[in-house]
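2 protein chains.
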Amino acid sequence: MSSPRNIVEDIVRRAKKASFIMAKANESAKNRALEIIAQNLVAKHKEIVRANSVDISNARKKKLSSAMIDRLRLNKERIEEMAETIMDIVNLPDPVGEITRIWKRPNGLLVGKMRIPIGVIGIIYESRPNVTSDAAALCIKSGNAVVLRGGSEAINTNMVIASIIKSSMKMAGLPEDGVQVVPTTDREAVLHILTLEDYIDLIIPRGGEGLIKFVVENSRIPVVKHYKGVCHIYVDEYADMNKAVNITVNAKVQRPSVCNAVETLLVHEKIARKFLPIVGKELKKHGVEIRGCRRTAGILKGIKRASEDDWYAEYLDMILAVKVVRSIEEAIEHIETYGSSHTESIVTENYTNAMKFLTEVNSSSVMVNASTRFSDGNQYGLGAEMGISTTKLHAYGPMGLEGLTIEKFIVFGQGQIRE
Amino acid sequence: MSSPRNIVEDIVRRAKKASFIMAKANESAKNRALEIIAQNLVAKHKEIVRANSVDISNARKKKLSSAMIDRLRLNKERIEEMAETIMDIVNLPDPVGEITRIWKRPNGLLVGKMRIPIGVIGIIYESRPNVTSDAAALCIKSGNAVVLRGGSEAINTNMVIASIIKSSMKMAGLPEDGVQVVPTTDREAVLHILTLEDYIDLIIPRGGEGLIKFVVENSRIPVVKHYKGVCHIYVDEYADMNKAVNITVNAKVQRPSVCNAVETLLVHEKIARKFLPIVGKELKKHGVEIRGCRRTAGILKGIKRASEDDWYAEYLDMILAVKVVRSIEEAIEHIETYGSSHTESIVTENYTNAMKFLTEVNSSSVMVNASTRFSDGNQYGLGAEMGISTTKLHAYGPMGLEGLTIEKFIVFGQGQIRE
Chain A
0 MSSPRNIVED IVRRAKKASF IMAKANESAK NRALEIIAQN LVAKHKEIVR
50 ANSVDISNAR KKKLSSAMID RLRLNKERIE EMAETIMDIV NLPDPVGEIT
100 RIWKRPNGLL VGKMRIPIGV IGIIYESRPN VTSDAAALCI KSGNAVVLRG
150 GSEAINTNMV IASIIKSSMK MAGLPEDGVQ VVPTTDREAV LHILTLEDYI
200 DLIIPRGGEG LIKFVVENSR IPVVKHYKGV CHIYVDEYAD MNKAVNITVN
250 AKVQRPSVCN AVETLLVHEK IARKFLPIVG KELKKHGVEI RGCRRTAGIL
300 KGIKRASEDD WYAEYLDMIL AVKVVRSIEE AIEHIETYGS SHTESIVTEN
350 YTNAMKFLTE VNSSSVMVNA STRFSDGNQY GLGAEMGIST TKLHAYGPMG
400 LEGLTIEKFI VFGQGQIRE
Chain B
0 MSSPRNIVED IVRRAKKASF IMAKANESAK NRALEIIAQN LVAKHKEIVR
50 ANSVDISNAR KKKLSSAMID RLRLNKERIE EMAETIMDIV NLPDPVGEIT
100 RIWKRPNGLL VGKMRIPIGV IGIIYESRPN VTSDAAALCI KSGNAVVLRG
150 GSEAINTNMV IASIIKSSMK MAGLPEDGVQ VVPTTDREAV LHILTLEDYI
200 DLIIPRGGEG LIKFVVENSR IPVVKHYKGV CHIYVDEYAD MNKAVNITVN
250 AKVQRPSVCN AVETLLVHEK IARKFLPIVG KELKKHGVEI RGCRRTAGIL
300 KGIKRASEDD WYAEYLDMIL AVKVVRSIEE AIEHIETYGS SHTESIVTEN
350 YTNAMKFLTE VNSSSVMVNA STRFSDGNQY GLGAEMGIST TKLHAYGPMG
400 LEGLTIEKFI VFGQGQIRE
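Top line first, the protein sequences correspond to chains A and B.
So for the first sequence, numbering that gives the first Met the number 0 puts the first residue at 0; every next one is plus one.
So for the second sequence, numbering that gives the first Met the number 0 puts the first residue at 0; every next one is plus one.
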């Protein structure tokens, strides 16, 4: 019998081999494969649900929380949503082969840059089994091979989804080895994957901070990561009051459980006495708990005081930390100290301050007069996203199909040699 | 007394703090700093040479090879060259703040991408002390802070260069903490640097394969690496004989010791009988040893036969491996199997084959009818380069100032909130 280590090596080697064929596949072949996958997932939904019910019953035996069991559960409707996501990816432009720039050198050489797939991408994720099809579809469309390692609690569901994807790939004339699901939940096997730098080009962990830290600490392969979103809104002294209230409330309450919801509000001292009571009232209506600095507490009586930990907190909940600052510089410094490089927005009517914030704050998304909730691949027009990178390398911010490519140099010569 | 671990942590923390100021520095401040550094290196060349002579005499005591001692040696002329390289970097455009794209969303949001520095870059390199000033200058111009860890044999030279750079930074009003040289040659200290992912954003190792492997295996920080250059030229059946001979000879003999010199020549069988004797004669004139496949040996009598190892070899010497192939597909497959993702060139007059090679070969530089020797930042018009990345992530190919930046998303709103 093969050891988990051998199984993983075999899978990864096959993925590498398939990656050369995937890289050469044209857009229509890749779209055909995605369409067949979408059709087959829906056509075989009963098979998927059957495997899923095994995972669910195992999860119950292991006494997983009902929230986790809910994330794990698939039904016909959720499978149809998975198919829709794939069809959305069909409609996105294929980034591979695009020549993004080309310039001429004094010796007549035309030098340019062309987008190509990264190669083999390893995705390490937790419970939601829809990641299996979403991630596979993004990798297929961008011409990459993919090695998927989902949570052990979803192994039966993932294996069925993988076999449907593989047979669909074959039907479309693409290599079934281009999509691999690690068929073991062995922990040593994951550790081994992370050392196979000759076969895997990039690791993307999707899940909690613990998973990401584990991957970063153990990987020899480059990791693109997204730790957390501690997003800030800075209400400048020259803010339009209406915009400031609307944007703050929207960024906090429209969907508080996601990484682009605002967690800390910074308010210029010159506008605080006027702005805080109004926004405080609106937030209270929506049931938001405010944790304020000393000066905020002086204006909004009876609120809880913020501790140092609150400035670092990603609440993902109806809680907002609020701090009064003396200047835009103090706001920027606060973001540099406590921020997570995710998304920050300034509300101001002042041109100089808007451009100062936009230029000097180096989070992955920096906005003027807009809700932080727009920080996402779909809202930016990138289509489905693989995640939001807060690593200042390769991809920074929402990572769509383009984030799964790299540019090679191309050179058109007429026989030039170097003097 | 501080432990090496504490010294390193202190340095890296200072670099991180300085990186925020570096990121905001405008181009004229950065250029002024570079000009002062260039002037001071030349003005204080005696001080540098004095420190260098200590390193040289230590190297002699340690019985280092004369080639290594030569790489280590600085004299007035070499110091003037270092200053010239810095002045070349002054003349390159500052990439920071450039808005590379901007597009409008249906809700009126303008979404764009703006180049920003990566943050803190760690350079780990071997003997040549000019890397200290070259790398520091590239990082300063691109708004990054830099932590330099050179070879232990150059420590005295590097410390003097560093102190000149630091005092020059101060004179220009930039933070001297933006350039750090690790003042210890302790091995544990390097290992510790590689774990400080909260402070360093990117590690670039410059040196032999051993150094690079060591860094990759021990780093939690992303590494951009360049292992080796096994460059190929494929002479297609439709090649122009003249171009094929000139390009092959130039790519092999013009400077055989560098990574963009050709190491393997692939020749289509339909042109081999005509081409090989001509190119063989030219190569022989220059003293190149040919190691050929069976069919090559059938045409070029008396040559050495190539073993499997030769197809993987980066000779960096007057040796060329030669293989006859049946098709362009076989040539591409050979490159995929044995190549190092560095640079490959096709020689052909056939449009379809040129585009097939250009599109399907995914090395960092792919050329048509040009010498592989052009694969370099200066030749591409990027200016000085930090190295040539063969990692298919972030930067791929010659890595100039742009490779030391990343793009953040910027959003110009008019008060938009998410529905």
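Note that these hints are calculated values from the structure, not bench results.
Be careful, since some hints might not be right.
Because identical chains cannot be distinguished in the list, a pair is counted as satisfied if it fits within a single copy or across any two copies.
With a straight-line cut-off of 30 Å between C-alpha atoms, the simulated DSS-like cross-links for lysine-lysine are [said to hold, decoys possible]:
no., residue 1, residue 2
1, 269, 75
2, 43, 303
3, 280, 169
4, 60, 303
5, 16, 61
6, 280, 269
7, 15, 355
8, 15, 212
9, 75, 62
10, 23, 112
11, 269, 23
12, 300, 269
13, 273, 75
14, 45, 169
15, 284, 60
16, 45, 16
17, 103, 15
18, 60, 23
19, 15, 43
20, 45, 60
| For which of the previously enumerated hints does the structure constitute a violation, in increasing order of number? | Violated hints: 1, 2, 3, 4, 5, 13, 15, 16, 17 and 18; rest satisfied.
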